[in-house]
Amino acid sequence: MQQIRRFFTKKTFVFSIVLFILVILVNFAMQYANLGLDKFEKRFMFLLDNNIRGFIPLILLAIAQAIVLINGSIDLSIGNLMGVVAAFLVTQYSKDDSIARFLQVFVMAIGIGVLAGALNGIFVSLVRIPPFITTYATSFVFSGIAMWILPRPGGNMPEIATTFYRTMLPLGLPMGMWIILIIMLLWLVFRNTRFGAHMYAIGGNEKAAFTSGVSVIRHRMSVHMIAGFLAAFAALALVLITGSSDPRIGATMTLDSVVAVVLGGTPMSGGIGGVVGPIFGVLTLGFVRNIVGFANVDTWVQPLVDALIILVALASPSLIRLILKQARK
Amino acid sequence: MNKSIGFQLPKRFSPPVIAVILAILLFVISTFFLKTDTGLAGMINRGKMIINITAFLGLIAAGQTIVILAGGEGIDLSAGTTVTLAAILTAVVADKSDARLPLALFVALSAGALVGLINGIGVAILKIHPVVMTLSVSGVTMGTILAIYRGAVQGGAGPGFNKFVAMPFTIGNVNFGFTGAVVAWIFVSIVLWFILNKTQFGKHLFAIGVNRDAAHLSGVRVTRTAILAYVLCGVFTAFGGFIVLGYIQTVYFIIGDGYLFPSIAAVVLGGTVLAGGEGSYWGTMSGALVLTVLDSILTSSQVEERARLIVLGVLLLAVISLYGRQKALRQ
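These protein sequence lines map, in sequence, to chains A and B.
Numbered according to my numbering, the first sequence terminates at residue 329, and the numbering increases by one at each position without gaps.
Numbered according to my numbering, the second sequence terminates at residue 331, and the numbering increases by one at each position without gaps.
To be clear, the hints were calculated from the coordinates, so they are not data collected in a lab.
This one's a predicted model, so the numbers in the text were calculated from it and none came from an experiment.
Quick reminder that beta carbons are idealized off the backbone N, C-alpha and C, glycines included.
Check each hint, because a few of them may be wrong.
One-sided excerpt, in silico: chain A residues whose CB lies under 7 Å from chain B [stated by the list, open to error]:
# : residue
1 : 141
2 : 143
3 : 144
4 : 258
Derived coverage of chain A by chain B (criterion: at least 3 residues anywhere in the stretch with Cβ under 8 Å from a Cβ of chain B; other residues may be distant) [what the hints assert, rightly or not]:
# : region
5 : 114–128
6 : 259–271
7 : 302–313
8 : 316–327
All chains should be modelled from the sequences, with the hints used to inform the complete structure.
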């Protein structure tokens, strides 16, 4: 029993994987019931490919949020930050742009993301304002800027890029799978660096990390910049899928990113967690919403169901912990 | 011996005082800048009008003050939808009649208390971060409203209620130029002053705001006090929504959204520390005044929504940079 509990507290993503498997089975069954049994392979591919491709923006945002949370901070502006970059991207292109122009603009977009992250970082680490209020304030600044760049939904993406992203199947495996695989590999390298270790140390105990010579200011700053960097990629994934953008798209995705992290088993107190949990958190959240979509819920009731799922998802890890605590007594 | 003689400037102006001075400065400057009503009489009229409008934000920010004072990164991001919920319930129950108003008030406040209770349980017992908890409860509240009313709400405020909230309040034949909303605001401020400064709950609230462990060790029931703070927050916010409905008479579904961000900004502007345990409602009142003056300037100079968002965000950052900073790790 002791061992099992230690396993669960240490490997924070186990809970989310169990949930994920459950959800994907229901998804599969429902798609069968709705669409029939034929072409098993095609159906399976659709389930993994199209769905996950659509989840990629939120996966990237959730990872950004997870890194910030592990460091003991929080970023409530991450969705709006992504909105700014997305607005920038879709206003810079026309439909027949070349790959060179595409890359050129994207590099600038990453710069904007990192810069916006740095703005959060400055106020959180140097000016020392509590992160939740800093990023809440900047979320308004960012949404204002996004509306400035792109006043109403619309915009263009080069067709070469969108068709590449939407139809590419490297080695016959879904694109989303590849992206997730690459992220996990990068994470494996990243968390074993000095920087990665310090990041966990600060999240675990800021004061102790400071007294052992870790530059808390510099690390927290970098962490917010990394979050901005990842949000820029999330923006790219988003506009490649939709081909356009909406200046108000970011607001709802901030909460989703936090929910996905918590659902993935990473506590909000910092110092513990990784990227595997958040990835499965997003997949679970996405597939649960798919189920709600399949279940033909009334449109007026849908927002309530959606919000209740989020609330239950947030509460369930703590509830399980409370129940375990009671059971031990 | 001579200490009492002579004028002494206080060593450091407290944030509420700064906020009031800022509000007056902004107000005077805007009078010249906008070239609306010059002359003393016009200025006084405009000042009264601004105070009448401030009452709504001031009422709504009362609840926000309580949860922020309670500490633990406490904040209520469901304040906007609680206002909407209270306004809708008041409209439905009162149904344009003044006779059913007491019942409507009771229903609205109970609904606010329920939302606060859910917030409090999530934050204090399940230990979910207040930002995330209240944000998702806000989603559930809005979802419930949409599921029940499906985009159309009947009813509204009765004529007497509307007259009380929107028209100048008179005692006998004397007209002060202030509306019933201001009277309600003054009433709430006295109640809140009493709760915060004269009751045991108030003392416990400040204690858990400063240091939860120390409060726990000195016998304060931390969890219970924190939950009660959220419940009270819900009740006060709902009362704000109730009064707002009296002003606008009929409801729409985003009635409260515009109050959420200003309610937090007002608390911060008034010098209540976000870490909790330090601050006052009178600070929040002056903060609300600053924001309303600022908003009236932005509105009358026809600034667009996007610019307003940026101005509000930058203002909040600037103000907290002045007096909301945390201690350095070095200390």
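Check of the region 316–327 of chain A against chain B for coverage (Cβ-Cβ below 8 Å, three residues minimum): holds (count 3)
Can you verify the interface hint for residue 143 of chain A: is its Cβ closer than 7 Å to any Cβ in chain B? Residue 143 of chain A check passes; min Cβ-Cβ to chain B is 6 Å, inside 7 Å.
Can the region 302–313 of chain A be counted as covered by chain B under the rule of three residues or more with Cβ-Cβ separation shorter than 8 Å? Coverage by chain B holds here, the residue count being 8 at a Cβ distance below 8 Å.
Does the CB of residue 144 of chain A sit less than 7 Å away from some CB of chain B? holds (4 Å)
Take the region 259–271 of chain A, compare each residue's beta carbon with every beta carbon of chain B, and decide whether three or more fall closer than 8 Å. holds (count 3)
Annotated coverage of the region 114–128 of chain A by chain B, confirmed only when three residues or more have a Cβ within 8 Å: holds (count 3)
With chain B as the partner, please determine if residue 258 of chain A meets the hint condition of a C-beta pair closer than 7 Å. holds (5 Å)
With chain B as the partner, please determine if residue 141 of chain A meets the hint condition of a C-beta pair closer than 7 Å. Interface hint status for residue 141 of chain A: holds (4 Å vs cutoff 7 Å).
Taken one by one, the earlier hints all hold for this structure without exception.
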